[in-house]
Amino acid sequence: MNAKVSLENMSVHFGGNHAVKSVNLDFPANSVTAIIGPSGCGKSTLLRSINRMHDLVPTARVSGRITLDGKDIYGAGVDPVSIRRTIGMVFQKPNPFPAMSIHDNVVAGYKLNNTLKRSEADEIVESSLRRVALWDEVKDRLKSSAMDLSGGQQQRLCIARTIAVQPEVILMDEPCSALDPIATLKIEELVEELKEQYTVIIVTHNMQQAARVSDSTAFMYMGEMVESGPTKKIFTNPEMKQTEDYITGRFG
Amino acid sequence: MKSLTFRHLTNGVVTLLMVLATLAVLTPLGLIFLHILKMGLSSISLDFFTQIPKPTGESGGGMANGLFGSGLLILMASIIGLPVGVLGAVYLTEFGSGKLATAIRFSADVLAGVPSIITGMVAYSLIVVPMKGFSALAGAVALSLIMIPIVLRTTEEQLKMVPGTLREASLALGVPLWRTSLKVMLVSAAKGVVTGILLSIARVAGETAPLLFTALGNQFWSKKLTEPIAALPLQIFNFAIAPYEDWHKLAWAGALVLVCIMFALNLGARMMGKTQRLN
Chain A
0 MNAKVSLENM
10 SVHFGGNHAV
20 KSVNLDFPAN
30 SVTAIIGPSG
40 CGKSTLLRSI
50 NRMHDLVPTA
60 RVSGRITLDG
70 KDIYGAGVDP
80 VSIRRTIGMV
90 FQKPNPFPAM
100 SIHDNVVAGY
110 KLNNTLKRSE
120 ADEIVESSLR
130 RVALWDEVKD
140 RLKSSAMDLS
150 GGQQQRLCIA
160 RTIAVQPEVI
170 LMDEPCSALD
180 PIATLKIEEL
190 VEELKEQYTV
200 IIVTHNMQQA
210 ARVSDSTAFM
220 YMGEMVESGP
230 TKKIFTNPEM
240 KQTEDYITGR
250 FG
Chain B
0 MKSLTFRHLT
10 NGVVTLLMVL
20 ATLAVLTPLG
30 LIFLHILKMG
40 LSSISLDFFT
50 QIPKPTGESG
60 GGMANGLFGS
70 GLLILMASII
80 GLPVGVLGAV
90 YLTEFGSGKL
100 ATAIRFSADV
110 LAGVPSIITG
120 MVAYSLIVVP
130 MKGFSALAGA
140 VALSLIMIPI
150 VLRTTEEQLK
160 MVPGTLREAS
170 LALGVPLWRT
180 SLKVMLVSAA
190 KGVVTGILLS
200 IARVAGETAP
210 LLFTALGNQF
220 WSKKLTEPIA
230 ALPLQIFNFA
240 IAPYEDWHKL
250 AWAGALVLVC
260 IMFALNLGAR
270 MMGKTQRLN
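Chains as they are written, first to last, in numbering that gives the first Met the number 0: chain A, 0 to 251; chain B, 0 to 278.
Heads up, a few of these hints could be off.
Unchecked claim - Going by beta-carbon spacing under 7 Å, a handful of chain A positions derived as facing chain B:
1. 83
2. 88
3. 98
4. 111
5. 112
These are calculated hints, taken from the structure and not from any lab test.
We put the beta carbon where it would ideally sit given N, CA and C, even for glycine.
All chains should be modelled from the sequences, with the hints used to inform the complete structure.
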């Protein structure tokens, strides 16, 4: 399998704090890679450097290389905005735009950039909502506020909003941590389907979730990449003692 | 352990003190309004809103030119001041950091505390002197200088209340930061921003001092921006110190109308603030 996204000797500093330490990792195309590890181990920080979300934090510094299809996304002359169009992101807490309707939330990426063609809007809305299995639940109230939806529905709406702009990679930062088990199940099923078309990188606290949805798993601890490999191997026969301790619940 | 009676007594005394303090705040407002109502109501008529002041000696007349002038001054001041205040606040919250932002915040706070007569003098030396004449434009500039810091700081406070997750959501969709700031952050804070704008308008609507040597006032209709223009507070001031009983009545009527406009603006701002819903 070829790598869609690659980290080469990648480090993230926040001022004097070395949050992610010289990580090397490949994310294969059309597969789900889970990043697991205890709180504060740097997994969200790592994820956010892949779509340059740290650009807004003045003290943050990313070093090493992150490549998308072999091209350095931090290279000279690369526009972070175009990177974010290719690499979408779903956040921990569902964050639909409160001032927009369900319909407008789905096409928000186009609307905010003034690139929405009226004739295409309805089609994008329907196909995106169908992809996240939300269409049947909301098709009669597309004009109502996105805030009227349940937490799980809001999160699926956020995923619909992300895929509506046709990214190639989807980053998910603990997308189920604010959701109940049934809503979580729906998102997990969705992740399974998404990998047919996208490269999915998911950060999760929940080891069972990583085991259920991912093809490969990477375990991080204290900013370092301890071990990565096929999910089955990491969970049944890890090479490192630390990984084994973590997945068997001895710490974390 | 103190006895129950003692605690009941303390409770009663403190509650009474708080009621008295509340009354002390409300009484002056009530007295002012009732007095203005008593003195002004009898002089309010259709003429007040449609006629300009009559020459000395003739009875009747109104303050239509003052109402129009005040409206025009506020409109122009808003056109000059609101974009500066609102966009300045967007800059401070979204782009500004470090010394420049601190300097802007500090100057806005100082500007907000500058006595309004000084603001009038600034507009006088900036506009009236070079243009060799009092003008509506100079009045509008003076008022806008008062509006800018109010709008800037209230807008900044409102923008800070918008959750940062919305900014991230928009950026992650490939929307540039400047579009995100205007179309996500500012739109989400819109109601609070409008509240701040209404309060700033309420504030300048009653300003007299900065207009004294800028807009100057005018007994007649004036629609030119380069000429002196009438304004309600100025007219009240001039009529109240004049030696004619008729003019005094008109001044009371003007005061009543001005106070009612203030009430309406403040109520509007309040209602806007209440319906604000942010996730």
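Tested hints:
1. Interface restraint check for residue 83 of chain A: the shortest CB-CB distance to chain B comes to about 5 Å, inside 7 Å, so the restraint holds.
2. Taking 7 Å as the C-beta cut-off, the interface hint given for residue 88 of chain A holds, the closest approach to chain B being about 4 Å.
3. Checking residue 98 of chain A against chain B: minimum C-beta separation of about 5 Å stays under 7 Å; hint holds.
4. Taken as an interface hint, residue 111 of chain A checks out: its beta carbon lies about 4 Å from the nearest beta carbon of chain B, inside 7 Å.
5. Proximity of residue 112 of chain A to chain B holds as hinted, the smallest CB-CB distance being about 6 Å (cut-off 7 Å).
Hint compliance for this structure: no hint is broken.
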